[in-house]
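Q: In the order they appear, the protein sequences are chains A and B. Numbering-wise, our numbering puts 72 at position 72 of the first sequence, and it's gapless, one number per residue. Numbering-wise, our numbering puts 40 at position 40 of the second sequence, and it's gapless, one number per residue.
Keep in mind that the hints are not guaranteed to be accurate.
[Claimed, not checked] Have a look at the derived ranges for each label pair, beta carbon to beta carbon:
{"no.": "1", "chain 1": "A", "residue 1": "170", "chain 2": "B", "residue 2": "221", "range": "28 to 36 Å"}
{"no.": "2", "chain 1": "B", "residue 1": "233", "chain 2": "A", "residue 2": "62", "range": "17 to 25 Å"}
{"no.": "3", "chain 1": "B", "residue 1": "188", "chain 2": "A", "residue 2": "113", "range": "50 to 58 Å"}
{"no.": "4", "chain 1": "B", "residue 1": "185", "chain 2": "A", "residue 2": "7", "range": "52 to 60 Å"}
{"no.": "5", "chain 1": "B", "residue 1": "68", "chain 2": "A", "residue 2": "178", "range": "50 to 58 Å"}
{"no.": "6", "chain 1": "B", "residue 1": "233", "chain 2": "A", "residue 2": "182", "range": "26 to 34 Å"}
{"no.": "7", "chain 1": "B", "residue 1": "173", "chain 2": "A", "residue 2": "113", "range": "28 to 36 Å"}
{"no.": "8", "chain 1": "A", "residue 1": "38", "chain 2": "B", "residue 2": "221", "range": "21 to 29 Å"}
Worth flagging that the hints you see were computed from the coordinates, not collected in a lab. Glycine included, each C-beta is placed from N, C-alpha and C at the ideal position.
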Amino acid sequence: MHLIETRELTHTYNKTIDALKGVNFIAGRKQRIAIIGANGAGKSTLFKHFNGILKPTSGEILIRGEPIKKSNIKEIRKLVGIVFQNSDDQVFSPTVEQDVAFGPTNLGLDEQTIEHRVNEALRLLDIEELRDRPPHHLSGGEKKRVAIAGVLAMEPQVLVLDEPTAGLDPRGVTDLTSFVNRLPEEYGMTVIFSTHHVDLVSEIADYIYVMDRGQIVAKGTVDEIFMQQDLLSGLRLDVPVLPKLIKTLQEKGIDIDMAYNYEDSEKAFLKAFGR
Amino acid sequence: MIEEIYTIERQAMGNSPVHKIDARVKIIIAFSVIIAMVAYPYSVDVIIPGAIFFGFFAVLWSISKISFIGYLKRVFLILPFGIFIILFQIFFENRHYDTFTPIVDLPLNIHIYAESVEFASILLVKFIICISFIILLSSTTTMQDMLTGARRLGLPSEFALIIGLMIRYLFVFAEIFEKVINVFETRCFNAFDRRLPYNYRLKTLGYAIGTLFLRSYEQGERTYTSMLCRGYSKDSFLHVSRQRLKRGEFSFLAISLVFIILIPVISYFYL
Chain A
1 MHLIETRELT HTYNKTIDAL KGVNFIAGRK QRIAIIGANG AGKSTLFKHF
51 NGILKPTSGE ILIRGEPIKK SNIKEIRKLV GIVFQNSDDQ VFSPTVEQDV
101 AFGPTNLGLD EQTIEHRVNE ALRLLDIEEL RDRPPHHLSG GEKKRVAIAG
151 VLAMEPQVLV LDEPTAGLDP RGVTDLTSFV NRLPEEYGMT VIFSTHHVDL
201 VSEIADYIYV MDRGQIVAKG TVDEIFMQQD LLSGLRLDVP VLPKLIKTLQ
251 EKGIDIDMAY NYEDSEKAFL KAFGR
Chain B
1 MIEEIYTIER QAMGNSPVHK IDARVKIIIA FSVIIAMVAY PYSVDVIIPG
51 AIFFGFFAVL WSISKISFIG YLKRVFLILP FGIFIILFQI FFENRHYDTF
101 TPIVDLPLNI HIYAESVEFA SILLVKFIIC ISFIILLSST TTMQDMLTGA
151 RRLGLPSEFA LIIGLMIRYL FVFAEIFEKV INVFETRCFN AFDRRLPYNY
201 RLKTLGYAIG TLFLRSYEQG ERTYTSMLCR GYSKDSFLHV SRQRLKRGEF
251 SFLAISLVFI ILIPVISYFY L
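One chain only, chain B, in its complex shape:
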């Protein structure tokens, strides 16, 4: 599973115009869309900005030349986190409606309300648009660029340093994990091999996980020592060189922001 990190990275290192845009532009656009969608009042009209933003996303996604199947796979991976909360809404009353009409009566005095179903649908639209833009951002920007972009946008230096370390060692541990898997395979161990005693399989996996914990602890100690050797202190920060946005990037950002602001405003007040 962790080896998927390389696939995601390869995808993010693409060569399309969307990949080449400065990370700051993509971060601002993604977060602007998220804020616009989250701030949009709970009304069925949300489908209008939702559809337009999805169109905007679809255009950017197709320019990025990443397969649509890849997008769907990621949506389905993330969906369970939100869909659980969204589905539960249909059983409860909420503060956005005054009256509730039961459309299905279930035992134990549980009802499904028409208004709650409407509310859950609104949440679903908001959720899909938000995760689509996050998927677009993470699929077209490497983690390193995202961190650099966030730092240039003012992410506190303490966070940047820690996130930087996390990104670096995510890959180191992916390599270690791969080596552990290779060792298991070389010595014919399969955790799902029913011919092996259940306890033995569990114990072996336990040892492997324990070893990974120990190695991460030791790695942390060694890294900290080497950081101290290079003058690390509580005031240390990740160096990010200054870089101005190109004129094209600036124009694209400006036009996108106007679009992202105007669409919900027009939809709410005039449609």
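Chain A on its own, in the form it takes in the complex:
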């Protein structure tokens, strides 16, 4: 049984705009899944189906094998946590502590458990010192961490991040990457994220879905997707710099192995140049 599964999922806005067309998507346990696609490809619309914010026009969405119903909506929103692109949409309480406590409070937990979850989430994101700060005193990166902490405090099994690197500085991106990479192994969580930042995908994801105009046009492992450089260029997506460079070198006759992330590329270059 998959954690999330969509079958021929279709969504039409206002009976006129087809945002999703026959999407088949599967997310299993402890997976790190990237969904890439240009603006308007339907990534955010798909995410909003994962916890019942949007209802399918046709097709099915199953969470742990069960369809989303009014009776299980609270349980599903606890299971699938979504972090939105703009933290100002998500961080709405007057202080950081109150915002992180919002989700656990809605779950009807007792005072002590709420306190424990808030402390844990703040510790995990390394923002304990921000506890009493009002959100408008935080930087973009800090607000993003608060937004993630607010969702993690609900202890979801699936963390969905919509464009998590948007508006972050390079250090913020590095911190977020290492944090996301810890979640499946240390906490058994599944992470699904969308991004335009393709260089990041090979660092975080094990599986990729490529979306275009509401459809899944390709899916596969990082190697399988980034090998199709023409497909990515055709969809107005960047090809990651390292595989692009290695491919150029290969075309020029240099014997070098293909690699998709920094670590593998370093090994490939050292091997190719005999160091």
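Add chain B to chain A, keeping to what the hints say.
A: Just chain B now, with coordinates in the frame of chain A:
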């Protein structure tokens, strides 16, 4: 104008002993003074508790290390709301006096009565003391702390959640407003520039206001969606952790309350 919100907040985040007192203590003291002043009978003696309470306010204000000019500015900003009602009293008879002595006769059979002037002065004293304590409360307590304090004192959870959202988005919209102003300035638009056609200026301002409305609507939709994602329902409430008052705060509150109750009682019955 809305950018003043940051100035008020900076002031409220001060480090003085008055700033550091728990919000609950300040809320109770401010409201006790207001109740004492409002409940005090309409008599010229009101000047006695009024002067003593103003002294109490002045002591707290000076400890808070906020400039007196700042206080005066705020009083003058708030004053028009009350002064309008107070000034009007001098032309009318009221139920607190049996006889009315005209001191000025105006056309259209309008008179200014000595008793009504006295009544307006009493109202003015009450009004000044009440707004002074509200100014003290808002200048030494951040909005977030005030909400937390009010919630701990039993403010209904529905109100707390809505006020919490309002506080949060007041600052978000102050930021958006600032950005709009920056865009206008960057592109050399000034609504008071008489060289630009009047209609054009009006239209541009209209567009900006319309955009702000649309953005607030969209922001509301997005925020509501994210609230739903975190389990929001009609039973949701703002979490406020429990916190006991420190012994010093408790003593200060107790002494202040005794003082606030005794002063009007002594003034009315014994002076």
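Q: Against this structure, judge whether each hint is valid.
A: Quick rundown of the hints versus the structure:
{"no.": "1", "hint": "A:170 to B:221: 28 to 36 Å", "verdict": "32 Å, holds"}
{"no.": "2", "hint": "B:233 to A:62: 17 to 25 Å", "verdict": "23 Å, holds"}
{"no.": "3", "hint": "B:188 to A:113: 50 to 58 Å", "verdict": "57 Å, holds"}
{"no.": "4", "hint": "B:185 to A:7: 52 to 60 Å", "verdict": "53 Å, holds"}
{"no.": "5", "hint": "B:68 to A:178: 50 to 58 Å", "verdict": "53 Å, holds"}
{"no.": "6", "hint": "B:233 to A:182: 26 to 34 Å", "verdict": "32 Å, holds"}
{"no.": "7", "hint": "B:173 to A:113: 28 to 36 Å", "verdict": "35 Å, holds"}
{"no.": "8", "hint": "A:38 to B:221: 21 to 29 Å", "verdict": "24 Å, holds"}
Of the numbered hints listed earlier, not one is contradicted by the structure.
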